[in-house]
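Novice: Sequence:
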Amino acid sequence: MSWSAKQYVAFEDERTRPARDLLAAIPTPEARTVVDIGCGPGNSTELLVPRFPGAQVRGLDSSPDMIEAARKRLPQLRFDVSDIDAWADEGPFDVIFANAVLQWVPDHATLLPALAGKLAPGGSLAIQMPDNLNEPSHRLMREVAANGPWAGKLAGAAGQRTEMADASGYFSMLRPHCSRVDVWRTTYHHPLPGGAAGVVE
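In terms of my numbering, the numbers along the sequence shown are unbroken and rise by one, the last being 209.
Each statement offered as a hint is correct.
Label-pair distances were calculated between CB atoms; the ranges are:
#: 1; residue 1: R28; residue 2: G62; range: 15 to 25 Å
#: 2; residue 1: S145; residue 2: E38; range: 36 to 46 Å
#: 3; residue 1: P157; residue 2: Q84; range: 44 to 54 Å
#: 4; residue 1: H146; residue 2: P199; range: 11 to 21 Å
#: 5; residue 1: R86; residue 2: A122; range: 18 to 28 Å
#: 6; residue 1: D115; residue 2: R150; range: 15 to 25 Å
#: 7; residue 1: G62; residue 2: E209; range: 32 to 42 Å
#: 8; residue 1: G164; residue 2: G62; range: 43 to 53 Å
#: 9; residue 1: A154; residue 2: G62; range: 50 to 60 Å
#: 10; residue 1: R86; residue 2: V152; range: 36 to 46 Å
#: 11; residue 1: R28; residue 2: P157; range: 34 to 44 Å
#: 12; residue 1: G203; residue 2: A122; range: 39 to 49 Å
Everything labelled a hint here was simulated from the structure, so no lab data went into it.
Cβ atoms here follow ideal geometry from the backbone N, Cα and C, with glycine treated the same way.
Using the sequences plus the hints, can you model the full thing?
Specialist: Pasting the structure below:
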């Protein structure tokens with residue numbers, strides 16, 4: 009799958025709101041090393057800079073197009089192209105920030121403890137994952153993909169995203185590795201102009 013930074017930023021306000029809310033909940037008051045994994049075009053990374061003044065802030069993403077956009081947006085920061093599950097930097101990091109990316113990475117039961125293991129003492133692992141696979145838009149997309157002449161070509165698309173655990177599942181994954189775990193669920197409602205065409209866009 010390829011990502012378009014231009015299309016992503018067309019809905020930047022909607023996409024950045026959960027990142028702002030997540031950032032506000034991070035209990036780490038000061039940080040020297042901050043990394044935004046799955047940084048996209050840098051919209052979430054941009055929030056980290058004023059929140060942690062003086063910190064070395066960097067980003068990584070698997071999409072070269074996204075990294076190119078992030079480098080243009082924040083030329084003073086370091087951005088690397090890397091898959092999260094192949095990311096070998098051991099840290100330690102004071103903050104690992106992951107906004108709307110880990111739903112694409114499999115095996116959370118292994119991944120999340122590994123990320124927590126990259127934290128410095130007192131550090132924060134801040135994760136936001138869209139949990140919309142069972143919303144009407146996504147259910148209908150799967151139905152349409154499975155019923156038509158394109159079904160064979162789209163057969164594997166539904167499995168691209170990782171099935172989400174429930175809140176207690178994520179609590180259980182992280183509790184043995186963290187001194188404090190805070191899990192919550194928020195529903196964001198975004199009115200989009202243009203009716204169905206706006207949703208498709």
